[in-house]
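Peer 1: The primary structure of each chain is shown beneath.
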Amino acid sequence: MTHIVVDPVTRIEGHLRIEAEVDGGKVTNAMSSSTMFRGIELILQGRDPRDAWAFTQRICGVCTTVHAIASIRAVENAIGAVPPPNARVLRNLIIAAQCVQDHVVHFYHLHALDWVDVVSALSADPAQTADLAMSISDWHNASPTYFKGIKERLKGFVDRGQLGPFANAYWGHSAYKLPPQANLMAVAHYLEALDWQREFIKLHAILGGKNPHLQSFLVGGMATPIDPNSQAALNIQTIAALKKLIAGAKEFVSRVYIPDLLAVASFYKDWASYGGGVGNYLVYGEYPMTDGPKAPLFLPSGVIRNKDLSKIEALDTEKITEQVKHSWYAYEGGDGVGLHPSKGETKPTYTGPKPPYDTLDGNAKYSWLKSPRYDGLPMEVGPLARMLVAYGSGHEKVKELVNGALGKLGVGPEALFSTLGRVAARGLETALLAEKMGDWVDELAENMGRGELRIHDNDKWDPSTWPESCAGAGFHEAPRGALGHWVQIWKGKIARYQCIVPSTWNAGPRDANDIPGPYEAALLGTPVADPEQPIEILRTVHSFDPCMACGVHVVDPAGSELARVKVR
Amino acid sequence: MRRIESALRRELEARGISRRDFMGFCAGMAALLGLPRSAQAEIAKALETKLKPSVVWLEFQDCAGNTESFLRASKPTAADVILDLLSVDYHETIMAAAGKRAEAALEQVRTTKKGAYIVVVEGSIPTGANGAYCTIGGKSALQIAQEMCSHALAVVAVGTCAAFGGLPAASPNPTSALSIGEAVPGIKTLINLPACPVNAENLTALITYFLTYSKWPALDRYNRPLFAYGKSIHDACERRAHFDAGQYVERWGDQGHRDGYCLYKMGCKGPATFQNCPNVGWNENTNWPIGCGHPCIGCAEPQFWDRMTPFYQHLPGVPGFDAATTIDRVGLYATGAVGAAFAAHGLVQIGKRTLAKARDPVTTEPAPAPAAKKDGTP
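Keeping their order, the protein sequence lines are chains A and B. Using this note's numbering, the first residue of the first sequence is number -14, and each one after it goes up by one. Using this note's numbering, the first residue of the second sequence is number 12, and each one after it goes up by one.
Just so you know, the hints here were simulated from the structure itself, not pulled from any lab data. Be careful, since some hints might not be right.
[Unchecked claim] Label-pair restraints from in silico Cβ distances: (1) B:197 - A:517: 23 to 31 Å; (2) A:296 - B:182: 45 to 53 Å; (3) B:158 - A:450: 51 to 59 Å.
[To be verified] Taking lysine to any residue and the SDA-like style, the derived pairs with C-alpha atoms no more than 20 Å apart in a straight line are: (4) B:150 - A:-11; (5) A:384 - A:399; (6) A:140 - B:97.
[Claimed, not checked] Over 10 Å on every C-beta distance to chain A, these chain B residues come out as not near it, computed from the model: (7) 83; (8) 129; (9) 157; (10) 193; (11) 200; (12) 242; (13) 290.
Note that CB positions come from ideal geometry on N, CA and C, so glycine has one too.
For reference, chain B alone in the conformation it holds in the complex (with noise of 0.2 Å):
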């Protein structure tokens, strides 16, 4: 074996972690990113070598979930590695210091790593009553937004709430929540990772798809990585060869349930959602919500809280069903033209329109990052 002569590699064998555990892990993460294999050794390296980037996570109108998801990080060991490799300066969820101590470890990395730090928002920012609707030592969650993310090399947003306004911005948006990309409008480098909370497997595959190349990825129209966002679910569902033969679940429980069958009549999301839940799984890949028996509803989609509900009914299109069905908070569905996109593609429309998009050419420098869109109609 070859002579390990960097500091994580001391860090990793005091910590038990041997080099092909190690490799493993940078073998694991080049399949997530949809790298050759040869990249394994690419990635290897960089984590060996490069110094540690120092990171803000910033919590606003957050419920948390996106932290808590990022500590069950795949791999117990990798998760480690991921800790060590970036040197997270503030976290209120976990940093040591409070009060204004907490406030000083901000302030020290805006003013002395200006342009060289990295942003991940987790919460959307209220813009309502002047911004007493979100304060961190008595500032508002828009002007620290504002002071962190101009200065910033890039904004990772956690979740939906961050990416598109979430929850709270779901209608009558009470607090006139807006998502990170909204709300400090001409953010340079912008990465949106939504889903409710972001999948584990996908933050940390971003972060070393960075380190390995001092790149970011491909994004799609809503600035999410081709890796994790390519697909919809539907097309990459364990359950679509029910789908396709007819078979569904037709009431909870049923004999259909039990085999595992299509969950589409009961509400599923799947087809017009974007995400690899599919392919990489839930907390290490031990399931996910397909997997469980309950329908995907749509979480990693903008304004999925009006969009995608009410959860228990069936997205329109395909024919048997009666798309007109009680469609009444929400008409996003209700039309002949995305019922028959289904039909053909297996679709819905906005699925649809995204896959179109991230099929253009896309970047691979720094992304141009416009505002995140509110909704994907044209």
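In isolation and in its complexed conformation, chain A is listed as follows (with noise of 0.2 Å):
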């Protein structure tokens, strides 16, 4: 048997480090920690909860969107705001915008150098480069002179002996299957996507100021306002610039990034066979097409035990606790108990040995995040999540995506309970999400025609309108999955907060039953040609896309205050 430590894990946000047994040339252990811990809840009590969404915004700036949404939709269920029309629209397209962008971005920036070997690139005939591109695309960059060209700088950038980020690689490893040009191909659009995302972000900019961390959000509606005769207000070159850059999106994801990805997956199909994890997936829902809190969702929530696609059943938030048997924190009820995070009691406690170390143990506690559960469950979150909840529900888009790409890879529905299945469910959905984009930009250019111009339910903004003591929930759909924000507010400041992030349901240790987490679950039996080289592991934990610094929270005992907080 042997124990490998990959630490860091790179090409993922934030610190992650994954200690593994290998034996007989498999995954027998795993054990997933996070090594990094900033206290921003604790920070936040005391502050003015229109602030908040400021702060928990940059708990990440990889999503980061995501936070100051759930922040918000928080605070406004607890002082009861409801934002205008064009607050949702605006919402809902900067939240499409990012899981776009982000899907893209960790295709091709973060996880196809576990698939493409950018060395073998060098040995491709730009000739059959250009071939292989127009088989699976009409995409215009496609000629031999195109593909000759990237051969050439990759092959400057090589003689020069400075390989910058592609130093120290696997490169050459037996598990990497693609041919030549397949490699050269998927060099080039590396290259493109890296241009692309940079345009198409531009939206975040036009409706947030800036990316990352936009600046447009408010308790309560959008600070950006809407008029079509003023030149300081989203008007209709607004309108046109946004439809610009969707089309923009809807083009390369459907030329590039799909191809691509059905043609990468289509050397990689034994991967649907592996990575498959714990079985239960987890929706919060995403995308409210109407005003108010029932408000239908596109993306539908809803739970799934146990791989079973024919029963989706009903979520039910108060079934959420969170353990922290193997985390770095302390419960006054000890490490036998879960606590539904409106109850949330945390203090960090590390425990782990001194740095520098060189392992952690497995029995005791290793990680700064806490075990989410379901119903005692673990439960894997995120796009593939989404796309298997509205796939059961019977969401019709969904399904012809879906059975679109199980047909072209010759694979059944089992194939997408698998690392390769998360990777195309990504790829769905952001097909899905461009596709959608412009029905809300339709919206708003409908509002403002007719002199909807609301932008803010200026009726809550005050804090002496709010009650002197509520709680609220802010749920999410991050690009990572199911995200949400629990807050307390007393005499208008924040008495407690507690967040449960994507990665925390994910990459979260062991439980108080010590069941592992998903990205525990999913590494079990992943094959490992050579434990000096683990690409293996890589290609599983990236494919959940783990954004570390966005799992780690903690919120301390606010103390008697909290006993006058009443949840509406």
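Assemble the dimeric complex from its two separately framed chains, guided by the hints.
Peer 2: Printed below as a string of structure tokens:
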């Protein structure tokens, strides 16, 4: 048996450590540890709840909108503010743009190098590469001259002996299966996607002032005024700009991302049988289609147990708990209990080895993440969970996309419960959202046209209009999955704040019953050809798109104040 | 057109970037750096001929927002040029290698390029719990920062967390987080590029400045380059005329808001914040926060999470506004002197002091780099 440590896991957001035992060429035990802690919820206590979104937004600069959205929803829920229709539409656009951009960046810049051998691309024939590119798509950058240029650029890079970010990787590993021309095509699209993401995310700058860390969110609405007759507000020029960016996204996703995804997947079909994990999926749902608390959602909420797509269970957020037996926190009631986030009670209590250290003890506490559970069970969240719940709920467009992809790859729905399934679901969701965004731009234009210019619920802006004591929850589907914020407010200040974040669900450690979290479960059975070069571990972990800074949090007991807070 | 022989030119041509595009980029850089137009040729020459300096980008208590911002660097082709001009030998978010091999890459830079590599730091450094609040490869952030920064040619702190401690260091600073300047005292050349996140335009401009002149730009008292942090947001704001005319947004979405009136009464911290947002904008000058209708939150200033909050409460000091309203968390602005300074000069005191210092004789050689101050109070 070999003990493998991968730390840092690179090409992710944040700091993640994986320790695994490999026996007979397969992972037999895995441990996922988050190694960074900031204490943002503690910093939030006593502050103005209207400021909270900016603080929580900085939990993550990659998914730079998600904690702002969850936060304003939580505070709005607590104080009873109702954002007007324009705010909902603007938020939907911002959320969807985040998902589309983030998924593309994940595929090309964070995940692709697990499947694409950059060095192999050096031996590709540009003409054959052009043939391949044209056989899978009618994307315009497909000439032999174009690929020759890419190849020469790469060669120049290698010849200078300064490999920069491409140094020391597992190039030439037997697990790389793509022919040289596919590798060269992927390298070209890696570079194109870098340009594309920069262009597309201008949508966030238009609606949020800048990206990363957009700055147009407000509790009760949005800060972007709308007026078709003003040059200082969102106007018809904005509509035109949004339409152009969305058209560009649809084109890039349908003609580059999806063809690449299917082409790469066709060489790695064996990964449809690895990396399944816990088999339970949780989705809060996203994209309210009307206003108010019971609005129908474009992507439905639901829970799937044990891979059973025939039964989509209704979500009950009261069944969520967090446990700390293997997390560097202490509960007053001990390590055996699980607490609902509204009663979250946590103290950071580091009991691990003093740095520098070589290994962590899997029988003890070993992560800054807690272990969230739903009805006592570990749950996977993210694009795969969303696509599965929508598929099982009969979402026509999702069914069409999923069945289309399965058909092209010649695999059945069981293939979805895997590393490859996760990668594919992310791409399909991107296509779905790039398509859907145009509807919201139309809705915005229609509102503007009929003089519906409201952007904010001003009646609830002044804290003197709030109940002395109130509490609320905000739910959101971030690119990486189900995100929840819980806030309690006392006399206009934050008394308690708690987040349960997608990467906490997915990357959390074992629970009180020593049941592994989704990363840990997904790694079991993963083949590892060479323990010195564990590229296979990266494949499965990256398929979740880890975002570790998001996952780590703490809330301190706020003492007697909390007793006075009543949940609405 | 003259013959171009450099490796860079070949690469650019391979990517379909014309000489004209490239010179346009160099001219833009000259303008951003406040250099005469004649500097364009000098920049171009420098970019084409110099070897790629080794850069290691260290992420500690971060959100990767500065990394993401860097990926948005202006002019798509120019950003690629910049990436090719540096040898980014370590950057967790983008590098292909992982685990031991990633750490080996870092160690190789440290041992073989001693004194010749640039360290970019993103995120604060926690000193609580013996360093256990942030470890990479089992080592504490502090240990890595010390090992790498002590032998660096220069250290560039990107974002407010690395420059000033930022969010993790906000009250009550649960992890005893420090800026890089505080965590590793005595860094020979430290350049702070605060903002949350750093504006990619300012990072690429700094790199170009260094590649062109082989020295670092003039800095203010917080080690911020004057070319990007030399003026207050308020001084260069497109809404300044509305401030001077007494035209303010009173409620979100009111007629004044729709007409682009001044956001001062809604909490704008532009008068107390030094950065070039109004000049260079964000995302290739697509927009900026005030441009989209939201007040500035002062994100480039030290301790802004404590000193600029509550965000929606206006700065004191303008006649007719109630200076004493609900300043209950942090009493920074609650002094008559601050109010008087703002009334007299259109700047609050912390801004004024920074500006005064910035006008002192400035360094143009590698900065003497005092440790970054935690705040601007006397």
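Peer 1: Take the hints in turn and mark each one as holding or not.
Peer 2: A quick look at each hint next to the structure:
Evaluation of the 23 to 31 Å hint for residue 197 of chain B and residue 517 of chain A yields a failure: the beta carbon distance comes to about 39 Å. For residue 296 of chain A and residue 182 of chain B, the hinted distance range of 45 to 53 Å is satisfied, since their beta carbons lie about 48 Å from each other. For the pair residue 158 of chain B and residue 450 of chain A, the supplied restraint of 51 to 59 Å holds, since their beta-carbon distance comes to about 54 Å. Straight-line distance between C-alpha atoms of residue 150 of chain B and residue -11 of chain A comes to about 17 Å, which keeps the hinted pair within the 20 Å bound.
Straight-line distance between C-alpha atoms of residue 384 of chain A and residue 399 of chain A comes to about 14 Å, which keeps the hinted pair within the 20 Å bound. Distance restraint check for residue 140 of chain A and residue 97 of chain B: the Cα-Cα separation of roughly 17 Å lies within the 20 Å cut-off, and the hinted pair is therefore satisfied. At roughly 5 Å from the closest C-beta of chain A, the C-beta of residue 83 of chain B falls inside 10 Å, breaking its exclusion from the interface. Residue placement check: residue 129 of chain B keeps its beta carbon more than 10 Å from all beta carbons of chain A (closest about 13 Å).
A cut-off of 10 Å between C-beta atoms confirms that residue 157 of chain B is not in contact with chain A; the least separation is 12 Å. In this structure residue 193 of chain B is separated from chain A by more than 10 Å, as the shortest Cβ-Cβ distance comes to about 17 Å. Remark: the non-interface label on residue 200 of chain B is consistent with the geometry, its nearest Cβ contact in chain A lying 22 Å away (cut-off 10 Å). The claim that residue 242 of chain B lies off the interface holds: its Cβ sits roughly 18 Å from the closest Cβ of chain A, which is beyond the 10 Å cut-off.
At roughly 14 Å from the closest C-beta of chain A, the C-beta of residue 290 of chain B stays outside 10 Å, upholding its exclusion from the interface.
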